[in-house]
Each structure stands twice: as C-alpha cells, then as structure tokens.
Amino acid sequence: MINIFSLVAGIFITGVAAYLGSLMLSKKMALAAGPLGHLTLPGIALALIYGFDVTLGAFPFVILGIILIWLLEMKTKLPMEALTAIVFASGVAIAFLFLPIDQAEAALVGDISKIGLEDMIFSICLSLLVFVMLIKAYSKIVLISISEDLAKVQKIDVKKYNFIYLTMIAIVVALGVKIVGGLLTAALVAIPAAASRNISRNLFEYSFFGIFFGVLSCILGIFLSQLYGLPAGVLIIIINTAIFLITMILKRGK
Amino acid sequence: MEKGLILEVKNLTVELEKDAILKNLTFQVKEGEALTILGPNGAGKTVLLKTLLGLLPYNGEIKWKKNIKIGYVPQRLPFIKDIPLSVKEFFKLKEASEKEIQEILFLLGMKDSYILEKKIGDLSSGQFQKMLIVFALIGNPQVLLFDEPTAGIDIGTEETIYTFLKKMRKKKNLTILLVTHDINIVYEFSIHCLCLNKKALCFGHPKKITPEQLTELYGGKVKIYEHRHD
Numbered sequence: 001m002i003n004i005f006s007l008v009a010g011i012f013i014t015g016v017a018a019y020l021g022s023l024m025l026s027k028k029m030a031l032a033a034g035p036l037g038h039l040t041l042p043g044i045a046l047a048l049i050y051g052f053d054v055t056l057g058a059f060p061f062v063i064l065g066i067i068l069i070w071l072l073e074m075k076t077k078l079p080m081e082a083l084t085a086i087v088f089a090s091g092v093a094i095a096f097l098f099l100p101i102d103q104a105e106a107a108l109v110g111d112i113s114k115i116g117l118e119d120m121i122f123s124i125c126l127s128l129l130v131f132v133m134l135i136k137a138y139s140k141i142v143l144i145s146i147s148e149d150l151a152k153v154q155k156i157d158v159k160k161y162n163f164i165y166l167t168m169i170a171i172v173v174a175l176g177v178k179i180v181g182g183l184l185t186a187a188l189v190a191i192p193a194a195a196s197r198n199i200s201r202n203l204f205e206y207s208f209f210g211i212f213f214g215v216l217s218c219i220l221g222i223f224l225s226q227l228y229g230l231p232a233g234v235l236i237i238i239i240n241t242a243i244f245l246i247t248m249i250l251k252r253g254k
Numbered sequence: 001m002e003k004g005l006i007l008e009v010k011n012l013t014v015e016l017e018k019d020a021i022l023k024n025l026t027f028q029v030k031e032g033e034a035l036t037i038l039g040p041n042g043a044g045k046t047v048l049l050k051t052l053l054g055l056l057p058y059n060g061e062i063k064w065k066k067n068i069k070i071g072y073v074p075q076r077l078p079f080i081k082d083i084p085l086s087v088k089e090f091f092k093l094k095e096a097s098e099k100e101i102q103e104i105l106f107l108l109g110m111k112d113s114y115i116l117e118k119k120i121g122d123l124s125s126g127q128f129q130k131m132l133i134v135f136a137l138i139g140n141p142q143v144l145l146f147d148e149p150t151a152g153i154d155i156g157t158e159e160t161i162y163t164f165l166k167k168m169r170k171k172k173n174l175t176i177l178l179v180t181h182d183i184n185i186v187y188e189f190s191i192h193c194l195c196l197n198k199k200a201l202c203f204g205h206p207k208k209i210t211p212e213q214l215t216e217l218y219g220g221k222v223k224i225y226e227h228r229h230d
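In order, the protein sequence lines correspond to chains C and R.
Going letter by letter, the first sequence gives residues 1 to 254 in our numbering.
Going letter by letter, the second sequence gives residues 1 to 230 in our numbering.
Check before you lean on any hint, since a few could be wrong.
Claimed, not checked - No farther apart than 25 Å at their CA atoms in a straight line, the calculated lysine-lysine pairs in the DSS-like style are these:
1) C/Lys251 / R/Lys119
2) R/Lys199 / R/Lys63
3) R/Lys111 / R/Lys99
4) C/Lys160 / C/Lys75
5) C/Lys159 / R/Lys94
6) R/Lys65 / C/Lys152
7) R/Lys63 / C/Lys75
Claimed, not checked - Quick look at which bits of chain C chain R covers, simulated, 3 or more residues with Cβ under 8 Å:
8) 150 to 156
9) 202 to 213
Stated by the list, open to error - Derived Cβ-Cβ restraints for the label pairs, each shown as a range:
10) C/Phe163 / R/Gly139: 54 to 62 Å
11) C/Phe98 / R/Leu16: 13 to 21 Å
12) C/Ile249 / R/Phe79: 22 to 30 Å
13) C/Leu72 / R/Lys208: 24 to 32 Å
Since the hints were made in silico from the structure, they are not lab data.
All residues carry an ideal CB built from backbone N, CA and C; glycine is no exception.
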C-alpha cells in the first residue's frame, strides 16, 4: 500500500522545490542549495538518534548554513565552488561523527515511509507559505539576477530579497530532507529546473515545466519504490535525472 | 537648486578600492537637455553614471530634482541571454501595462508585436538594444541615463536609436545623459558635452571643444576631421 500521507506531502514539497529552482538563474544562486542541503546532515542525525522530526532537526543547521555562506562569501575571496566543497565535506563528516551507521541510509537518502498525518499537514503548510512568498518575490528576484544595478534603480532592496531567497531555500531544503535525505535534497531544487530550462522559451514555461517534472518524478518514484522495494528518495532523483537527459536530447534536436 | 535644473553635481569624487576614479567633478544639467559624457576607455564614464544613479559610494554633492524618476540603459547585461525570458516578460518585470509597452514600441518603429513573444536570447544586438531602451522608458521617467547606447550595433540601427531619442526628448521633454567614446555622436546629438578623463577636462557646448582639449582627453591620438554639409 502506498502511504497516502507521504505521497501528498511529497507532491507539495517537490512542487515548491522545483518552483524555487526556477529562480536559480545565476550561478551564485544555483550553488547555494547544495551546501545547505549537505549541512542538514548533522541535524538529521540528531533527529534520528533522539527520535524527532528530521525537518526540525535540519532547520537550525540550514540557518547556520545561510549565515556561514554569507560570512564566507563576504570575508573570503574564494570561489563559491571551493566553499561548497568545504561545507559539503564538513557536513557529512560531522554527521558521521555521531550517527549510528545503521541509520545512515535514512539520513543520506531519506525515508518517506515515516511520514504521518501531522507531518503531511506541516509540510503542506510550509510548502504553501513558500509558494506564496515565491509568487510575491518572483519578478523582483528575476530582475536582481539579471542585473543588481537595474534592480537598485527600480528601488528594489537587493539585500532584503537575497535574504528572502535564502530563507525560502532554507525551508525547502529542510522539507526536502523528509523525502530524499540530506545528501539529495538540493537535487529536488536544481534538477527539475535544469531540465525545464532545456526546453523553455520563457519564464512561464520554465517554472511550469519545472514544477511538472518535479511532481511527476515524485509520484513515479514513490510508486516504483513500492513495486521494487527501493528507497523512494533515490528513485525520485534518478527519475529526475532521466527527465533531464531526455530534455537535453530534445534541446539538441531543436 | 536653481530653477530649470534637473541635476547639480558639486566636487564629486569617487574612489574605488582607494583608486580615485573621478576627481572633483562639478557640472549641472538643465531640464530637457541632452548631455554627452565623452572620454576614452577607463575614463570613469560608467562609474559616473552609476554614481549618479546612487549605486556607488561618493564624496561631494549630487542633487537631483525632487521626486525624479530615472530610466537607466546599462552597457551590457551579460546574464540575461541565458535566461528563458520573453521580451514581454522582461517588460513585465517593471510592472508595465500592455498599453504602455505598445506605445513605446510604436515610437521606436517596431509595430509588430511578434517581438514580444521572442526569447531575449534570440534577439539581434540591435533589437536587444532597443529592448533595453523600452525597458528604461517604462514608467515615464524624466531622465534617461544611457551607457554606450550603440556599441556593437550597425549604423542603420544606430540612426534609428538617435532619431528616436531626439524625438522622445522633444515630445516628452526628456533629459538625456549619454555616455560615449564616439565624438561624432557628440556633434550630432548633444546640447552640452562633458569631457571626462578622471577629472572634467571640458564642459560646455560641443562646438566649443578645442582640438587641444581633445588631445588632452585622448592623449594626442585624436584629430577632428571637419567636414561641412552644404
């Protein structure tokens, strides 16, 4: 039997994650989700050991991650890629410092079967919150990623919107760990949007196909996981990747 | 501020990472005027525009007329071509109404609205430049700040753009500040000219720029080829 709670929660979370992904227009933005996802691992580890919700465990670490990325970016001249590598490695290392190895799979790739009614309601509420924030901030963030100067001339508070953007990533990444675990949560944001970008001519198509691919992968992944007894999180990401490859071929054919 | 002025700049100095990019600049711009800012590469022209827009820290005084609305046409937008974004969606980022977009496009001589559905990345460089101008004009600004408007586009399009700007200036009493390194544009287009190479080397009517000043500006490589249209 499919756990209906996890299916519904999954649809909301992957949908909003993909929508958010369609805002990752500049390189700097696209890279932020990766390290944040990996930084959740120690939090997830704590949640699994003490038996509380993984999203709650992940959240403080994501906040820490936002502050870290901000500080590192301002204080050092290192390229974002190097920072990502540092944060990624330390997140995983710290998690395994105290996480029992038999629980490692749930932390790394998620365990969707644990989602209950309360989790589902909680996930839907947070997803909807981010969804509303996204609709309100979307055009301003697009303009900022085209040109901060143009945005400032329009009297858009760039710092404020960067912060809103990071907050949305934090919530989505913390929600994503429920579905696909700390290792893969950034992929829920990045891959559907990347696939959609291959075939979209405008912003509307970009976010529409992104959400569509994200939700489709989630539904297919959960069904296939029932059929084959494999972790749903892993399958969701693999299906996402398959869609990405297909869109790449379609793009070439154009 | 004196009546009829739209901008007053006094003793403006801009330093970036302790390098003085602009030194002690003083000039004024009247309402409805066209001012070209002329200078070689690295003279601080773009920095001046950005400072006037409030994007860079400065010392000295920049006074705009109260509640002024500024339109800005940047030199380049390197990222925009990679974004799946249609021309119409680009304009909508500035909350433009359908009617307003049509109006400006009409004035620019682009009557076909098929261009609105095109992807920004698929535009020719001339079309792209025009799109940036339309974008800047949305919301009816009183001043247009223009950074190298015709770099890298063909002469035909260049002419259209200048004709259009002249028309807009007359029609809407638009004040235009235009950065360029092309001295011909100065003669053609502007009422006043500011020659800039870190400091102001001349300020006034373009016809009064002397060859000596130009030599100082460009370092001896420039000659004015006078030619008359009788």
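Outcome of the hint check:
Note on lysine 251 of chain C and lysine 119 of chain R: the hinted pairing holds, with a Cα-Cα distance of about 15 Å set against a maximum of 25 Å. Under the criterion of a C-alpha separation no larger than 25 Å, the hint pairing lysine 199 of chain R with lysine 63 of chain R is consistent with the structure, at around 19 Å. Distance restraint check for lysine 111 of chain R and lysine 99 of chain R: the Cα-Cα separation of roughly 13 Å lies within the 25 Å cut-off, and the hinted pair is therefore satisfied. Between the alpha carbons of lysine 160 of chain C and lysine 75 of chain C the distance comes to roughly 20 Å, so the proposed pair stays at or under 25 Å and holds.
Taking the CA atoms of lysine 159 of chain C and lysine 94 of chain R, the gap is about 19 Å. The hint holds against a cut of 25 Å. Restraint check for lysine 65 of chain R and lysine 152 of chain C: satisfied, since their Cα atoms lie roughly 19 Å apart, inside the 25 Å limit. For the suggested pair lysine 63 of chain R and lysine 75 of chain C, the alpha carbons sit about 34 Å apart, so the restraint of at most 25 Å is broken. Interface restraint, the segment 150 to 156 of chain C with chain R: holds (4 residues with C-beta to C-beta distance below 8 Å; minimum three).
With 5 residues having a beta carbon nearer than 8 Å to a beta carbon of chain R, the segment 202 to 213 of chain C meets the requirement of three or more and the stated coverage holds. Checked against the given bound of 54 to 62 Å, the beta carbons of phenylalanine 163 of chain C and glycine 139 of chain R, roughly 26 Å apart, lie outside it. In this structure the hint that phenylalanine 98 of chain C and leucine 16 of chain R lie 13 to 21 Å apart at CB is violated, the actual value being about 48 Å. For isoleucine 249 of chain C and phenylalanine 79 of chain R, the Cβ-Cβ distance of about 26 Å falls inside the hinted range of 22 to 30 Å, so the restraint holds.
Separated by about 54 Å at the C-beta atoms, leucine 72 of chain C and lysine 208 of chain R break the suggested range of 24 to 32 Å.
Of the numbered hints listed earlier, those contradicted by the structure are 7, 10, 11, 13.
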